[in-house]
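Chains as they are written, first to last, in UniProt numbering: chain A, 1 to 349; chain B, 1 to 349.
Honestly, the hints are just simulated from the structure, not real lab data.
Careful, some of the hints might be misleading.
[Said to hold, decoys possible] Restraint-style ranges between C-beta atoms, simulated for each label pair:
id : chain 1 : residue 1 : chain 2 : residue 2 : range
1  : B       : 122       : A       : 177       : 18 to 26 Å
2  : A       : 287       : B       : 134       : 32 to 40 Å
3  : A       : 74        : B       : 142       : 25 to 33 Å
4  : A       : 123       : B       : 122       : 45 to 53 Å
5  : B       : 274       : A       : 343       : 18 to 26 Å
6  : A       : 287       : B       : 24        : 33 to 41 Å
Please read these numbers as outputs of a predicted model, since none were measured by experiment.
By construction, the Cβ of each residue, glycine as well, lies at the ideal position given by its N, Cα and C atoms.
2 protein chains.
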Amino acid sequence: MPDSLEQPLEQLPRYVQDILEQPPALRGLLTAGLGSAATTFLSQGLAGFDRIVITGMGASLYASYPSYLRLARAGLPVWLVETGELLHDVPELVTGRSLLWVASQSGESAEVQALLEQCVNPRPTVLGIVNNTDSALAQAADVVIELHAGEERAVSTRTYVNTLAASALAVRLALGEPESTDLFAAVGAVQRYLDDWRAHADAIGDAISTPDALVILARGASLAAAGTGALIIKEAAKYHAEALSTSQFRHGPLEMVAVGVTVVLLEGDRHTAPLGQRLADDIRRYGGRVVWLGQTVPDPDALSLAACRGAARHIAEILPLQLLSVVLAERAGIEPGVFRHLEKVTRVL
Amino acid sequence: MPDSLEQPLEQLPRYVQDILEQPPALRGLLTAGLGSAATTFLSQGLAGFDRIVITGMGASLYASYPSYLRLARAGLPVWLVETGELLHDVPELVTGRSLLWVASQSGESAEVQALLEQCVNPRPTVLGIVNNTDSALAQAADVVIELHAGEERAVSTRTYVNTLAASALAVRLALGEPESTDLFAAVGAVQRYLDDWRAHADAIGDAISTPDALVILARGASLAAAGTGALIIKEAAKYHAEALSTSQFRHGPLEMVAVGVTVVLLEGDRHTAPLGQRLADDIRRYGGRVVWLGQTVPDPDALSLAACRGAARHIAEILPLQLLSVVLAERAGIEPGVFRHLEKVTRVL
Numbered sequence: 001m002p003d004s005l006e007q008p009l010e011q012l013p014r015y016v017q018d019i020l021e022q023p024p025a026l027r028g029l030l031t032a033g034l035g036s037a038a039t040t041f042l043s044q045g046l047a048g049f050d051r052i053v054i055t056g057m058g059a060s061l062y063a064s065y066p067s068y069l070r071l072a073r074a075g076l077p078v079w080l081v082e083t084g085e086l087l088h089d090v091p092e093l094v095t096g097r098s099l100l101w102v103a104s105q106s107g108e109s110a111e112v113q114a115l116l117e118q119c120v121n122p123r124p125t126v127l128g129i130v131n132n133t134d135s136a137l138a139q140a141a142d143v144v145i146e147l148h149a150g151e152e153r154a155v156s157t158r159t160y161v162n163t164l165a166a167s168a169l170a171v172r173l174a175l176g177e178p179e180s181t182d183l184f185a186a187v188g189a190v191q192r193y194l195d196d197w198r199a200h201a202d203a204i205g206d207a208i209s210t211p212d213a214l215v216i217l218a219r220g221a222s223l224a225a226a227g228t229g230a231l232i233i234k235e236a237a238k239y240h241a242e243a244l245s246t247s248q249f250r251h252g253p254l255e256m257v258a259v260g261v262t263v264v265l266l267e268g269d270r271h272t273a274p275l276g277q278r279l280a281d282d283i284r285r286y287g288g289r290v291v292w293l294g295q296t297v298p299d300p301d302a303l304s305l306a307a308c309r310g311a312a313r314h315i316a317e318i319l320p321l322q323l324l325s326v327v328l329a330e331r332a333g334i335e336p337g338v339f340r341h342l343e344k345v346t347r348v349l
Numbered sequence: 001m002p003d004s005l006e007q008p009l010e011q012l013p014r015y016v017q018d019i020l021e022q023p024p025a026l027r028g029l030l031t032a033g034l035g036s037a038a039t040t041f042l043s044q045g046l047a048g049f050d051r052i053v054i055t056g057m058g059a060s061l062y063a064s065y066p067s068y069l070r071l072a073r074a075g076l077p078v079w080l081v082e083t084g085e086l087l088h089d090v091p092e093l094v095t096g097r098s099l100l101w102v103a104s105q106s107g108e109s110a111e112v113q114a115l116l117e118q119c120v121n122p123r124p125t126v127l128g129i130v131n132n133t134d135s136a137l138a139q140a141a142d143v144v145i146e147l148h149a150g151e152e153r154a155v156s157t158r159t160y161v162n163t164l165a166a167s168a169l170a171v172r173l174a175l176g177e178p179e180s181t182d183l184f185a186a187v188g189a190v191q192r193y194l195d196d197w198r199a200h201a202d203a204i205g206d207a208i209s210t211p212d213a214l215v216i217l218a219r220g221a222s223l224a225a226a227g228t229g230a231l232i233i234k235e236a237a238k239y240h241a242e243a244l245s246t247s248q249f250r251h252g253p254l255e256m257v258a259v260g261v262t263v264v265l266l267e268g269d270r271h272t273a274p275l276g277q278r279l280a281d282d283i284r285r286y287g288g289r290v291v292w293l294g295q296t297v298p299d300p301d302a303l304s305l306a307a308c309r310g311a312a313r314h315i316a317e318i319l320p321l322q323l324l325s326v327v328l329a330e331r332a333g334i335e336p337g338v339f340r341h342l343e344k345v346t347r348v349l
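Sequences are here, hints too, so could you generate the full structure?
This is the structure:
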């Protein structure tokens with residue numbers, strides 16, 4: 001495999017190109033901002049709504065988790081519900097005085113379209129976070145935040161990162177928080193990390209070996225990367241990886257650990273990192289392998305993340321998992337990130 | 001393997017005994033009822049609370065999902081949050097005017113204990129659904145519902161079924177719904193199903209073969225069985241199975257389907273069963289194997305459930321997955337349901 005510094009971008013698989021184009025896509029969003037309508041709307045705060053129901057499918061759902069936590073921590077009545085469940089099983093969660101906060105990069109997913117058709121009477125206020133501004137979601141929404149992520153081929157990369165960033169900006173506006181440079185600083189940090197993408201890919205590929213079972217664990221806002229990581233490994237490499245919360249893993253799944261089981265453990269917030277360390281020790285004691293993704297805890301099997309802080313840390317967390325999906329596809333002898341069964345937009349319920 | 005009708009109960013693995021003792025344990029709960037204090041409390045309804053936050057870990061969390069959906073469908077402001085996340089990442093969800101609804105059969109899980117210590121100021125009203133009435137949860141709760149499930153050895157079986165049933169009864173009382181005989185009728189239906197446990201175990205064991213990847217899919221309230229099924233397969237058979245929502249599976253994970261991938265698909269509610277059928281067809285078309293658990297849809301790979309209706313359907317759904325965990329343990333040459341790493345009560349955060 002030629003070194004990434006020597007191989008022209010256009011000769012790389014398009015999925016790898018998508019991954020490498022994340023820093024300029026993020027810069028594009030940050031330069032454009034959320035737009036004047038969304039900025040005006042969010043600056044008024046969200047206290048006028050009886051409920052804030054955040055919804056999405058796949059990577060869009062996972063990307064919304066940090067924002068859900070921040071709004072809930074601020075005391076707001078906020079839910080995060082998969083659109084399929086919201087549509088089929090609990091539409092009553094959304095009232096006429098609710099804010100329905102929909103993240104969907106295509107804006108055309110089957111569940112999102114059906115939900116918008118269903119939410120007519122009572123009609124909530126709809127905030128759409130969307131890449132395609134011609135989509136059903138963009139048309140139906142009262143307020144639109146555009147992702148400015150460019151066109152993606154299949155697996156969500158730039159749109160995922162920009163959904164994380166756009167929703168973090170939206171939450172800050174809604175909560176009246178001071179501006180931060182964390183996301184702007186992330187453009188450079190992510191670029192520097194991806195300049196060495198081949199070395200980072202090989203490092204995580206070597207670290208996980210070829211496990212019988214691959215599990216990705218996280219807590220809190222880092223669950224966004226765990227969920228998305230497991231998803232894109234299935235999509236891009238056709239390889240089975242499961243995401244679980246670190247707490248839940250101790251409540252039973254730890255029993256499956258033996259030689260052949262690899263756990264990727266995201267360090268996450270400082271206040272829970274020691275609990276993760278204790279679990280990592282237990283996993284190793286039971287014969288399993290641990291790959292620790294973080295940089296403040298001195299773990300023997302740690303791989304460093306891009307040097308991001310604040311909300312941008314969750315961008316840093318997805319990068320090694322993206323690169324892992326590339327390595328696993330290469331090992332399977334397939335081009336990473338090319339769909340064999342699906343189309344880019346899931347139009348079937 | 002001797003026929004179950006000929007082998008004395010006490011010669012079976014204790015985990016299998018736990019499974020077979022579910023009908024009398026359920027009868028015990030239904031005979032005892034929820035107790036006068038809980039009945040009085042619930043009969044007043046839950047409108048006096050600004051929030052209802054349902055929480056638990058592992059099987060207790062999954063067992064609460066159908067009740068969360070029913071309360072949400074009735075318009076109540078209800079959340080279902082894993083106790084680890086509630087404790088560490090979003091304690092602000094619980095206010096002084098909230099009902100904190102805690103399901104924990106041991107009542108002593110590390111997260112539950114820490115949460116109870118944390119919820120002091122402001123202090124919510126605490127409803128505890130618990131098997132051990134000497135536990136920290138039973139002591140701290142304002143209202144206690146006892147599970148009457150008897151003592152379990154390791155993997156949750158009787159306590160899971162009784163948590164499903166007790167929370168269904170609690171929801172009915174709180175919503176002022178008419179009494180139903182569905183749970184009483186389930187005692188006999190589950191007994192009849194388990195009288196043939198060996199045949200049912202062999203049938204699902206044959207149907208899944210030995211997959212490279214095993215995924216359990218469901219929607220709505222049937223997600224309780226999917227989540228618990230994947231958990232107990234990891235616990236009792238040390239085998240990797242993942243639970244996912246059927247909708248989410250179509251949004252990406254479907255890409256991993258090939259020869260060697262087996263999907264157990266729970267039929268669930270009538271209104272979404274046709275969507276599951278379409279997915280089953282797609283999975284087969286892509287080379288994967290489908291095991292359909294249900295009885296109203298004429299699927300070529302269907303295994304029938306115990307003949308239960310109403311809330312008891314979610315009891316019927318867990319039984320074949322319990323038996324699958326027994327078969328997978330037998331194939332691995334281990335006694336099913338014996339913990340090698342964990343203790344029954346998870347006392348470590």
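Structure-based check of all given hints:
1. B/122 to A/177: 18 to 26 Å: holds (24 Å)
2. A/287 to B/134: 32 to 40 Å: holds (36 Å)
3. A/74 to B/142: 25 to 33 Å: holds (27 Å)
4. A/123 to B/122: 45 to 53 Å: violated (34 Å)
5. B/274 to A/343: 18 to 26 Å: At roughly 21 Å between Cβ atoms, residue 343 of chain A and residue 274 of chain B fall inside 18 to 26 Å, so the hint holds.
6. A/287 to B/24: 33 to 41 Å: holds (38 Å)
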